[in-house]
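The sequence shown begins at 97 in the numbering used here and counts up one residue at a time.
Mixed in with the good hints, there may be bad ones.
[Stated by the list, open to error] Within a straight-line C-alpha distance of at most 25 Å, the following computed DMTMM-like cross-link-like pairs (lysine to aspartate or glutamate) qualify:
id, residue 1, residue 2
1, LYS351, GLU381
2, LYS98, ASP175
3, LYS98, GLU381
Because the hints were derived from the structure by calculation, they are not lab data.
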Amino acid sequence: MKVVLTGWGAVTPLGASPQAMAEAVRRGQTPFVPSPWGYPVAPAPSPNVRALVGPMKNARYLCRAGRLAVAAAVQAVADAGLAPPLSRTALFLGLGPHLEAAPPQALWLLSAMPSTTTSLVAAALGIHGESATLLGACAASTQALAWGARTIAEGRTSVALVGGADSRVGERAVAAYASAGVLAPADIRPFDRERSGFIPAEGAAMMVLESEEHARGRGARILASVLGTGIGIDGRELTDPNPKTMAPVVRSALKGTAVDLSRLLVLAHGTGTRAGDAAEAAMLEAVLGSDFPGAVTALKSWLGHGAAACGLMELALLLACRSHGFVPPVRGLATPCARLPFMRACRPWQPRFVLVESFGFGGQAAAVLMELTHALGTPV
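Turn these sequences into a full structure, and let the hints steer you where they fit.
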């Protein structure tokens, strides 16, 4: 069963609307600001959940990432032309731990549990379908996209809301990353020889997937179709990326698809860490070939590292920029560390295919291949 994308919403450090996000990139604007903890961070706008969904029982248990998730979910559902209640819709969210949780009230543990966010997104939208909260580190939201697509393709549901949310701009998160030696002191420069780490960020992105039959039956606008998915795990290392175990996940997403590589855009994970970018570049050269004719971009250079939400936040930024006629490049890439066809400037090239790939601690990995359409659903 063919799976299509019919709507999306996001709250990111670059803004909470396609226009704001695209204009920020066009102007070369970055969201990185100093923090009291010695490293820059990328905060997102603060949503007013009550204004979006009205009074919500248990809203006090929404952590920062949870509030971002609700806001992005409401946007996505509206963008798809749907309205609550969405009783039969499936819900798959990639989330991270609430590192700043504190016990200010009874049942405070609820605000620390990622599954609370899933429960309250479901409550806000009247969702009662198949559901899972995915904790696959920085691959989590891309895993959610893959699981949602598979659930529809297998005929278990006709509609799925998928996405991710996270917030890593607080003191404990910054301290944890700093102790691991993965933070950039000033800027994030994925795949550059002088890269020094990433900038922690927060945000949320949600997407509505449907079976093509269901979408066409209600006259929905189709933005893209899902062609292939891959999910995997290294099974050996917790923090050291391995191109040999990344490659099967990406090959799984590409398997059995007739992709014109000259029209393929790779939405790389591109954290800006020395080990991570080197491993990912080696994997891409092995899978796509040293003469890959498409293009590679890395959007953490614009957003920072959204942790569990990063894959879909970056896909949302791509969709926002593409709707304004361009594809965002790898910002700040001066001396590439590999011979891949990196995008180094905004240009009006229109890819037909996009490969989203995400890799996280614990060897978590996910990749999704999509075929893009024009905004009104006409094939590119």
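Each hint, compared with the structure:
{"no.": "1", "hint": "LYS351 x GLU381", "verdict": "holds (17 Å)"}
{"no.": "2", "hint": "LYS98 x ASP175", "verdict": "holds (20 Å)"}
{"no.": "3", "hint": "LYS98 x GLU381", "verdict": "violated (29 Å)"}
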